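**Q** Letter by letter, the chains look like this.
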Amino acid sequence: MLKYLIKRVLWMIPLLIGISLISFFIMHLAPGDITNNEASFNPKTSEESRQKLRELYNLDKPVIVQYGLWLKRMTTLDFGNSFASHQKPVFWQTKDKDGNVTKGMIQEALPITLMINVLGLIITLTLATPLGIIAARKYGLWQDKSITLFNFIGFSIPGFWLSLLLMYWLGVVNNWLPISGLHSINYESFDTWGKVKDSLSHLFLPVVIPSVTGLAGITLFVKNGMLDVFHQDYITTARAKGLSEHQVVYTHALRNALLPLITIIGLSIPGLIGGSVIAETIFAIPGMGKLFFDAVMMRDFPVVMGILTIGSALTLIGNLIADIAYAWADPRVRRGVMQS
Amino acid sequence: MKILAFLTNQFLKRNAKFSFIATCLALSACGDSSQNLSQQALNNLNKSYPSQSGGTLLDATIGEPSGLIYMVAGESAAGAISSNIFNKLLKYDKNLDLEGELVEGWQVSSDQKTITFKLKPNLKWSDGKPLTSADVLWTWQAVTDEKTRSPYASDFQLVKKAETPDALTFSVTYDQAYAPALDSWAGLQILPKHLLQGQDLHTTAFARKPVGSNYYKLDSWTNGENIKLSRNPSSVLGQAKIDNLVTRIIPDSSAQFLELMADNIDSMGLDPIKYARIIPARPELKQKLALYKELGNSYTYMGFNLKRKPYDDVRVRKAINYAIDKQEIIDGVYLGLGIDIASPYKPGTRWSNPDLKPYPYDPQKAKVLLKEAGFVDSDGDGVLERDGKPFSFEILTNQNKEREKSAVLIQRRLKNVGIQANVRAIEWASFISRFIKTGDFDVVILGWGLGLDPDQFNIWHSSQQAPGQFNFIGYNNPSIDMLLEQGRTELNPDKRQKIYHEFARVLLEDSPIVYLSAGYGLSAIHKRVKGIDNPAPPAGVGWNTYDWYIPEPLRRAVPGRTEISTN
Amino acid sequence: MNKSLLEKALQNPLSKAGFVIIVLVFLLAMLAPIIAPYDPNDINVKAILLSPSWQHWMGTDGLGRDVLSRMLYGGRISLLVGLVAVGISTAIGILLGAIAGYYRGWVDTLIMRLVDVMLSIPSFFLILAVIAFLTPSIINVMIVIGLTSWMGVTRLVRAEFLSLSGREFVLASRTLGAKDARLIFTHLLPNSLTPIIVSSVLGVAGAVLMESGLSFLGLGVQAPQASWGNILTDGKDYIQFAWWLSLFPGLAILITVLGYNLLGEGLRDALDPRSENNR
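Residue numbers (this note's numbering), protein chains in the order written: chain A, 1 to 340; chain B, 1 to 567; chain C, 1 to 279.
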């Protein structure tokens, strides 16, 4: 197991190098010199900030040296300060000589996006598992078909449109839910229970809408997994042994069908992080997606680079955890790993 | 129409039912959420109330400020908040006359090169420390410092000498008389020296926890969510009526409008469609929102790249000017909420030359002028050619709905005179960095928002053409250059007025840009907010926000969540 | 595509519905110049924001342009974005997948690592950054979506090649001295075409949806050229009032994407050997 782990971690190194190359390339995609690319009128600012940019990214040095230095930045997670908001460090908090702590932009945004995505994933899984089982058991029947149709409708709706419709319906017409934001204005004055209620009501739409649109994939996966397992020998054996259908489904089939889900969840991380851009913009949530979008629009290169790096690193870590969890959960893989 | 509306509702219900159940189970909060305003509450909105202190005003902004030191942050989102925290030496009153804000008075020396400001006595920062001329001097030093990258520095760099003879006196001396000087001091927010000395203005933590002297002070800034201000008890100008100003950060305009409808914010800027069509047609909105319009100091224009052919030819520029129907744009795009203009000044002010008339819509004249310039439709395809090349160009604009629509209308009018125009609306940052700064455009539609001083040196003077500077259309006219230089040094208002009237006349004649319209600034403010001047005075709706008040019966029971008590 | 596969897929009513939707939408978009009642760019400032009526079945927009006509022409653009983007990603996927699966060895390793790298960068972030830095336009949108979504096809083609290259007919032609290119194009590729088509059908759905998301952020097809995404974005501010501005493009995207998904899923199902021996 340890050997597998080490191998798995070492395997991430070439990937990280690839990611660094691609992000380096993107930064240089802007025509000419990236220092040209500031998004505002301001002769003075641009000359000065160009100088800073040149220093930061060593644009006067040969490309290969620039890349080496960028790699160093990436490995030490030191992306400097934002260009748009100079006092804010990109990644992690800094302390000035007076003891003022300024939190990092990613440090503040990441937990919010992670929380929303984890909650969303929980909802998706809780809904997708029973739906997938039903679809598999009623394969080809109307139940299966309506589940498929429902899921695909959810998948096919432009998310921002659905969001606006629901914000209008639930927030304005009926006033059941807050429309946007993460907290009420007077959040601080609530007691603990009030704070929990307030947070949950604000999170409801931003969490539920993406999980409904993401339902299709996972449901299909559970369904296909179940169908596969149904055909395997041990299930046939179990059936032959006279175990009830219920036992067959829930004890044998489900466990084996759900195993590969671990991998799928690991693989879905980049999509979830990337997909947060639209949801966070429309619901006014200060997460990674909104931060990234703003940074792109303001040509705030340190933030763009920082988020690309952290987002990719998260994916790699997520995949690693998924692989380990899978190996740990599935005795066959575990054995296979040991042997190899 | 009914059928389709019904379909939407059905669709919503199906989705909503599930969510509703889930919310109630999870939160048990559904019961106490309020209904739409009752008729009683709506009637109360229209009663009159005596002015009283207290309450919270909720506002929203699309973009989050990058910091609250306006001279380095520079964007309007920062200015909207920092102007409540910091004071300036001077300000414009209701009728746009200058008066003292931090100063009791000021004197201009007889050679007109020195201005001496006399500060009001006993000024204090909100942390209790005294505000003196040393702070003013320090602020001037900061804005002109080499290390400070401020877009507003140029005005202050002209100051040759700044002195503080005593704690209440601050004087500045210019190399030569500088007419926009007073205007510039009405724009510079004075910062506290004792907290900022020795710090880098760009990276200091002060930008996110400022200490000022104005009506309000910063309470909290929750990243990406809201910025809360509360009344500054030691404000140098007296006390504002409203206790708290909360600005929510809501990046999507549709979401912002939903928040306004649901009564979760009190005010919002509007587009002409919302102002003229939507709110008037919805009784429930009309009853609780008051609409305001004010003529801003801004206009929309179509500018030519004067360094390229054939836009260097005045006949071509004039022809295009004649070919465009400005009234059609004002009626169709601005729904009548705009004025056609003939000079780059706000109509009705002394700087706007009343004798000038906009180019009328005259396609015949346009065709004649184009022919004179050598454009003929030789192959009969409806598009004019010169030297075998068809006259076609791309009109670039940013993603502003009004400009986009204007461009489409212009496209059609140009087609009528044989010019083929394509329209492309590009996201702002790309637009500036790819096209404006590089000068890689033929024709653009943009707008200028102007200060109150008539000086437009930065926009029109031939020396201001470097990348990132404002004369990106490459305008180069010696007589305009001369007028601009004269206007800057002439302090006599009447003589100045003559100079700028002449400037506007030459500009109109030369037609380097086509004035499209001066649009009104439109906004909706909840009727619970009282004390607002309507119609807006020349200084605009917001000139007296410190006097706005929210009568107690109309305040939100729970700020941020809709509820208006009915008694 | 192999005809029996489509026939098999169409036995499922959902896939059949999907197929019908795709054909219908495609026809409507193709016939736009004939059936559109107005010129999509025909402005009428006297008739702005009219609700649907007999003259304007889907109402008019903020410039008095006929929404139905804009929908029909916008459909062409949206479909074009979908098809071209998928065309690009499929071409890259086939090329890289074929090279990896045929030559194996270090080329294979290199390509598959590249796939892993691309899969670990949040692709929407990548798309946003690249389009914004390159200036948004319909061409850039198509290219960038294409360049960031070829990984699935690559894996698919490689796997097909790996499994096919052990088969007798490939071995036979190899021993007979067939050239690499010939072998790839006449034997391997045609035999792995079916799964590629399935994934392309699903890819179009994704690209159409992606364009609408990019339009929402202001980075999609740029006005005044109509696409469903930017018609919807234009209308979103007036969702409760001028509802026709957002309802029709919203539904159009929903139905079209749904159609592609249903057909794609039906084809995948039909491909699945499981579906033969079971029900």
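Take these hints with a grain of salt, some might be off.
Only part of the chain A face toward chain B is listed, based on derived beta-carbon distances under 10 Å [as the list claims (entries may be wrong)]:
1. 140
2. 144
3. 145
4. 146
5. 149
6. 192
7. 224
8. 227
9. 228
10. 247
11. 282
12. 297
Derived from the structure by calculation, the hints contain no laboratory data.
Small disclaimer: the values here were computed from a predicted structure and weren't measured.
Built from N, CA and C at the ideal position, the CB exists for glycine as well.
**Q** Mind checking the CB of residue 146(A) against every CB in chain B and telling me if the closest is under 10 Å?
**A** Result: violated, 13 Å to nearest chain B Cβ.
**Q** With a cut-off of 10 Å, does the beta carbon of residue 144(A) approach a beta carbon of chain B closely enough for the hint to hold?
**A** violated, 20 Å
**Q** Is the interface hint for residue 145(A) satisfied, with its Cβ closer than 10 Å to some Cβ of chain B?
**A** violated, 18 Å
**Q** Using the nearest Cβ pair, does residue 224(A) come within less than 10 Å of chain B?
**A** violated, 26 Å
**Q** Is the shortest C-beta separation between residue 227(A) and chain B less than 10 Å?
**A** Status violated, d = 27 Å.
**Q** Under 10 Å is the threshold here; is the Cβ of residue 228(A) close enough to any Cβ of chain B for the hint to stand?
**A** violated, 30 Å
**Q** Checking hints one by one. Is residue 140(A) an interface residue toward chain B, by the C-beta closer than 10 Å rule?
**A** violated, 25 Å
**Q** Just to be careful: measuring from the Cβ of residue 192(A) to every Cβ in chain B, is the smallest value less than 10 Å?
**A** violated, 14 Å
**Q** Can you verify the interface hint for residue 247(A): is its Cβ closer than 10 Å to any Cβ in chain B?
**A** violated, 31 Å
**Q** Please check whether residue 282(A) passes as an interface residue: C-beta within 10 Å of a C-beta belonging to chain B.
**A** With a closest approach of 5 Å, the residue 282(A) hint holds.
**Q** Would the stated hint for residue 149(A) survive a check requiring a Cβ distance to chain B of less than 10 Å?
**A** violated, 13 Å
**Q** Do the numbers back the hint for residue 297(A), that is, is its least Cβ distance to chain B under 10 Å?
**A** holds, 5 Å
The structure is inconsistent with the numbered hints 1, 2, 3, 4, 5, 6, 7, 8, 9, 10, although it conforms to all the rest.
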